[in-house]
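A.B. asks: Could you build the full structure based on these sequences and the hints that come with them?
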Amino acid sequence: MIARAFRQLAILLGLALLPAIVSAALQLQWNREEPLAAGEVRIAMAREWGDKAIWVDARSRAKFEKRHIPGAVLLNEDEWDKLVGPFLDAWDPDKEIVVYCDGGGCEASTAVANRMRDELRIGNVHVLKGGWNAWLGK
Amino acid sequence: MAGKVILLALRAALAWIFLKAGMLKIWDFAHWRSATPDFTLAIQHYQIVPWPDLTMLLAVYLPWLEVITALALFTRRLRLGAITLFSGLTIVFLGALGSAWHRGLDISCGCFGKDEVSTDFPAMLTRDLCILASLTVLLAVEWRRLRRASASSQGVTQ
Chain A
1 MIARAFRQLA
11 ILLGLALLPA
21 IVSAALQLQW
31 NREEPLAAGE
41 VRIAMAREWG
51 DKAIWVDARS
61 RAKFEKRHIP
71 GAVLLNEDEW
81 DKLVGPFLDA
91 WDPDKEIVVY
101 CDGGGCEAST
111 AVANRMRDEL
121 RIGNVHVLKG
131 GWNAWLGK
Chain B
1001 MAGKVILLAL
1011 RAALAWIFLK
1021 AGMLKIWDFA
1031 HWRSATPDFT
1041 LAIQHYQIVP
1051 WPDLTMLLAV
1061 YLPWLEVITA
1071 LALFTRRLRL
1081 GAITLFSGLT
1091 IVFLGALGSA
1101 WHRGLDISCG
1111 CFGKDEVSTD
1121 FPAMLTRDLC
1131 ILASLTVLLA
1141 VEWRRLRRAS
1151 ASSQGVTQ
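Residue numbers (our numbering), protein chains in the order written: chain A, 1 to 138; chain B, 1001 to 1158.
Honestly, the hints are just simulated from the structure, not real lab data.
None of the hints are false.
Derived pair list, reagent style SDA-like, types lysine to any residue, alpha-carbon separation capped at 20 Å:
{"#": "1", "chain 1": "A", "residue 1": "Lys63", "chain 2": "B", "residue 2": "Leu1097"}
{"#": "2", "chain 1": "A", "residue 1": "Lys66", "chain 2": "B", "residue 2": "Val1049"}
{"#": "3", "chain 1": "A", "residue 1": "Lys66", "chain 2": "B", "residue 2": "His1045"}
{"#": "4", "chain 1": "B", "residue 1": "Lys1020", "chain 2": "B", "residue 2": "Ser1087"}
C.D. replies: This is the structure in C-alpha cells:
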C-alpha cells in the first residue's frame, strides 16, 4: 500500500513537470521581451546613472527597514505627508528619480511616481521595471 | 450513502482549495500577467530557501503540482498519491509558517496569489491544520477502500 502511494506520488510529480517546464520557458521569454511602459526604466540603465540617480523606496516602512537599496529614500503613499519633507530635502533637480517597490504586480511605485509628477511637479521620475526583484537580480 | 456524499464533498472542497491556490500562483487574473514573480517573492520572504535559482524553480513547479494533484483527487488510480502528496505539502507548509512566525517575519502567506496580504499566523495555521485533518480523514478512508479491494481480489483469485 505504501509502495502504491509512492508510485502514484512519483506519477504526479512527473505529470506536473511538463506544464512547469513550458511555464518556465514562457516566463523566461516574457522577461526578455516585455516592453517598457511609459515612465519605466530597466535596472541596467538605472545602475548606469550611478550618483546621478536618487532611489525612492515606495514599499512599507517595515520592508524598507528590513532591507533597501543603499542610499534609497523612503516615500510611500501611507506616510506621504510625513515623508515628503525628508524626500524634498534629499531631492536634486539635476538627478533622475528612480522609484521602486516589490516588483511583479506591485503598483505602489507607479502611484508614488504619479504623485511626484502631479503634486511635486517633478518631471524626471522613473519607475524601476521589476522593482526590488530586479535589484536582487531576479 | 450519506457518508459517500460527505466524502465526495470533502474531496471536492479540498480540490477546489488547492486548484484555486495553484491557479492564482500561476496567473494573476486581476492584472492578466504571470504570477510567478510574485510567488517567487513570497517564497523569498520566508527566508528558508537559500538559493535564488531554487526559489524560482519552486515558484514555477509548486503551483502546477497543486493543480495536477487537485485534479487527481477525482481519479481512483491516483487518489492515494494525491492525498499523500497534499498531506506532505501541508505539513511542510505548516513548518514554514511556524518558522516564519517564530522568527517574527512580517510576510504574506503567498498561498492564494499576491492579493492575500494577511500575516495572521494563528488563523493561517488553524486553516492549514483543518486542511491536514481533512486530508487525514480522506487518507484513512482511501487506505481502507484499497485494503478491502485488495482483500476481495485475493479472495477471488483463491
